[in-house]
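Dock chain B against chain A, hints included.
Chains as they are written, first to last, in the numbering used here: chain A, 1 to 242; chain B, 1 to 438.
Read the hints as simulated data drawn from the structure, not as lab findings.
It should be emphasised that the depicted structure is a prediction, and the values quoted were computed from it without experimental measurement.
In this text, a Cβ means the ideal position worked out from N, Cα and C, and glycines have one as well.
Treat the hints with care, since some could be wrong.
Said to hold, decoys possible - If you want the footprint, here are the derived chain A segments under chain B, 3+ residues with CB under 8 Å:
no., region
1, 78 to 92
2, 109 to 120
3, 182 to 196
As the list claims (entries may be wrong) - Going by beta-carbon spacing under 8 Å, a handful of chain B positions derived as facing chain A:
no., residue
4, Leu-13
5, Arg-15
6, His-160
7, Asp-161
8, Arg-347
9, Gly-351
10, Ala-352
11, Leu-355
12, Ser-428
13, Ala-432
14, Leu-435
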Amino acid sequence: MLTMRNIKKIYRTDTIETHALADFSLHVDAGEFVSVMGPSGSGKTTFLNVAGLLDTFESGTYTLDGKDVSGLSDSEMSRIRNRAIGFIFQSFNLIPDLNVFDNVDVPLRYRGLSGSDRKQRIERSLDLVGLSSRVKHLPSQLSGGQQQRVAIARVLAGDPKLILADEPTGNLDSLMAREIMDLLDRINAEGTTIVMVTHSPECAVRSQRQIHVLDGRVVDVAMPHISLARTEASAGVASTLG
Amino acid sequence: MLTYNVKIAFNSLRRNPVLTGLLIGAIALGICVSTTFIALRHIFEKDPLRGKSSQLFNVRLDNWDPQRAWNAEDPKSLPSQITYRDMRELMKSSIPTRQTASFRTRFFIHPDPKVGRPYAENIRLVFADFFPMFDVKFQYGGPWDKAADAKPEQVIVIGHDTNQKLFAGANSVGRTVRMDDRTYKVVGVLAPWKPALLYYDLTQGGIGQQPEQIFLPFNFTPVLEVQSFGNSDGWKGFDGDGYAAFLSSETVWLQFWAELPTPEKQQAYRDFVNDYVRDQKKIGRFQRPLHTEVTVLPELIKQQSSLPPSIRSLSIVSILFLVVCSLNLVGLLLGKFLARVPEVSVRRALGASRLQVFWQHVVECELVGLAGGVIGLALSIGMLKMISKVVPNGDVIRLDLEMVAVSVFLSLIAGLIAGIYPAWRVCSVAPAMQLKLQ
Chain A
1 MLTMRNIKKI YRTDTIETHA LADFSLHVDA GEFVSVMGPS GSGKTTFLNV
51 AGLLDTFESG TYTLDGKDVS GLSDSEMSRI RNRAIGFIFQ SFNLIPDLNV
101 FDNVDVPLRY RGLSGSDRKQ RIERSLDLVG LSSRVKHLPS QLSGGQQQRV
151 AIARVLAGDP KLILADEPTG NLDSLMAREI MDLLDRINAE GTTIVMVTHS
201 PECAVRSQRQ IHVLDGRVVD VAMPHISLAR TEASAGVAST LG
Chain B
1 MLTYNVKIAF NSLRRNPVLT GLLIGAIALG ICVSTTFIAL RHIFEKDPLR
51 GKSSQLFNVR LDNWDPQRAW NAEDPKSLPS QITYRDMREL MKSSIPTRQT
101 ASFRTRFFIH PDPKVGRPYA ENIRLVFADF FPMFDVKFQY GGPWDKAADA
151 KPEQVIVIGH DTNQKLFAGA NSVGRTVRMD DRTYKVVGVL APWKPALLYY
201 DLTQGGIGQQ PEQIFLPFNF TPVLEVQSFG NSDGWKGFDG DGYAAFLSSE
251 TVWLQFWAEL PTPEKQQAYR DFVNDYVRDQ KKIGRFQRPL HTEVTVLPEL
301 IKQQSSLPPS IRSLSIVSIL FLVVCSLNLV GLLLGKFLAR VPEVSVRRAL
351 GASRLQVFWQ HVVECELVGL AGGVIGLALS IGMLKMISKV VPNGDVIRLD
401 LEMVAVSVFL SLIAGLIAGI YPAWRVCSVA PAMQLKLQ
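Chain A with its partners taken away, still in its complex shape (with noise of 0.2 Å):
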């Protein structure tokens, strides 16, 4: 599903350069949840946005579902952004003038479906979340894990095949984050490709993989369910692991 090998990503001021990501190489299947860990600064982040194609990177390569997407135009990112990869992030980011269901209308419309079908996947999704009575609230008047649902739900609506979290679960309580990773595991289960910044080894475990990356590398990776024989894993990586 997502490839990236020996990518790097500088970030530049005048004074200061910062190599964000140094020789960063990852391999995801279609239908594995992954979780990304490390600590502030290690280049989660930013593998997420160069992940994600809101961002660029300076070297190396990144195929995503089979497809080349370096050196693509703004355009052509934003439709893959669109149609192939859903995000959910912390502070879950909906639009606040806009009620539940316009928010999860939102990446539908750049999508040019028509109305009626538009329709049908916000009510399907929202149904799926269990937020179908809550379509006209703004998202002041939601929960925080209400609202973390709406996110999920406006992922949902376009039925991506990859899914980037951004500690999902960061601004909820103990009770809240079961639920969205409870979600997270059932959408998971029916073949969506999940990669998840995580700082919470309780989330974390819910995984099938866990990435460590420090200093804008892949440094370990705890691979229970995956053979280390596969061949797109770094030689790094390979020879840390033994």
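Just chain B now, with coordinates in the frame of chain A:
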């Protein structure tokens, strides 16, 4: 997508009504001022006979004093009218499809005592071709024919207002009107006719002048020894006494028009006029260098329209004022749009391209422009109404559909000027930086 962008724009504008009011108000002010002055210029400069004016040509000849030009400050100036004797010679040409001379005079009208008292009225003497040439519309009847022209028959065409006054608006064709010491039969009644400019006689000042209410066959001029109540000008005295001497003098007092529908006729007629002047030179007339003008109506309006230069200048200044109003909004819109960068970043993450985000914001600016345009247009209508009350012939001052379209166009341009930079700035923000910071 346009409907969606309009919906987003409405939500955004509703969010901060005070700011929205300021934005719309600034554009409304600019549109009001610019529309008012452009409309004034447009009313008096627009083609009065669209579709026909390119075929109507005014003739001017330089029969003036060999020692000085007609306008001492402009050596190339020509008298704006021609002499009676030149008119008679020009009328002999068969090149024009139609042709007419005309001038204004004044007669006393003696209505039925039951209707009213005698009064003086402006009369125009014309040939029958005048009416189809200038596309004059009739409510009842029509113009007299060429036979009535030649004789001349005691027939008249009256205007709508005179028909209302003398005959209570009824079909007065066949009825008679006493003017001075003769009685004339009405053959036609004009439909209401209020051009913005008296385009067939710009020597009267053009602007602020109404068409005459009664038209009489031109050939009554020598019969009745009619005096011109329009402009007349001469550079030397008459040879002899009396009206005949006046008619054969070098006094210019007639407007002359020829209808020339094709370029071939136009060239042939120009050659004819030049040949005529060369012939007249041989008998001692036209002692100034050969200079004739056969000028198409729209060009003549541009040359001779008495639109005050201040109106022309103000129309240009008013556009600049609109631009300044729009540019003043750039800062406001920049602040407004950049405050929405978090929302824009989310939309980008969800699949909106930079171009889509750009157009979304341009749509919002155009909505502001249009709203300002509507209010500005309403204010402009009010301003023009006020102006119409203080100028002569003021009821021609109003907005036509063309000006409404111009106003809408200007409001869209104003919205674009105000918003294009802020829209570009907000769509250029890197979404990745913003998403994490929320």
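Going through the hints against the structure:
1. Look at the region 78 to 92 of chain A against chain B: 8 of its residues bring a Cβ nearer than 8 Å to a Cβ of that chain, three or more, so the hint holds.
2. Against chain B, the region 109 to 120 of chain A contributes 4 residues with a C-beta closer than 8 Å to a partner C-beta. That satisfies the three-residue criterion, and the hint holds.
3. Counting residues of the region 182 to 196 of chain A whose CB falls under 8 Å from any CB of chain B gives 0; the rule of at least 3 is not met.
4. Residue-level restraint check for Leu-13 of chain B is violated (minimum Cβ-Cβ distance to chain A is 11 Å; threshold 8 Å).
5. With its C-beta approaching chain A no nearer than about 7 Å, Arg-15 of chain B sits inside the 8 Å limit, and its interface hint holds.
6. At about 56 Å, the closest approach between the beta carbon of His-160 of chain B and any beta carbon in chain A exceeds 8 Å, and the interface hint on this residue is violated.
7. Interface hint status for Asp-161 of chain B: violated, as the beta-carbon distance to the closest one in chain A is roughly 59 Å, over 8 Å.
8. At a threshold of 8 Å, the smallest CB-CB gap from Arg-347 of chain B to chain A is about 6 Å, leaving the interface hint in force.
9. A hinted interface residue such as Gly-351 of chain B counts as satisfied when its beta carbon comes closer than 8 Å to some beta carbon of chain A; here the least separation is about 2 Å, so the hint holds.
10. Given hint, Ala-352 of chain B at the interface with chain A, holds; its Cβ is 5 Å from that chain's nearest Cβ, closer than 8 Å.
11. A cut of 8 Å between beta carbons decides the hint on Leu-355 of chain B: the least distance to chain A is about 6 Å, and the hint holds.
12. The beta carbon of Ser-428 of chain B is not positioned within 8 Å of any beta carbon in chain A (closest approach about 10 Å), and the interface hint is therefore violated.
13. Annotation: Ala-432 of chain B was flagged as interfacial toward chain A, and the flag holds, the nearest CB pair being 4 Å apart, inside 8 Å.
14. For Leu-435 of chain B, the suggested interface contact is upheld, since its CB lies about 6 Å from the closest CB of chain A, less than 8 Å.
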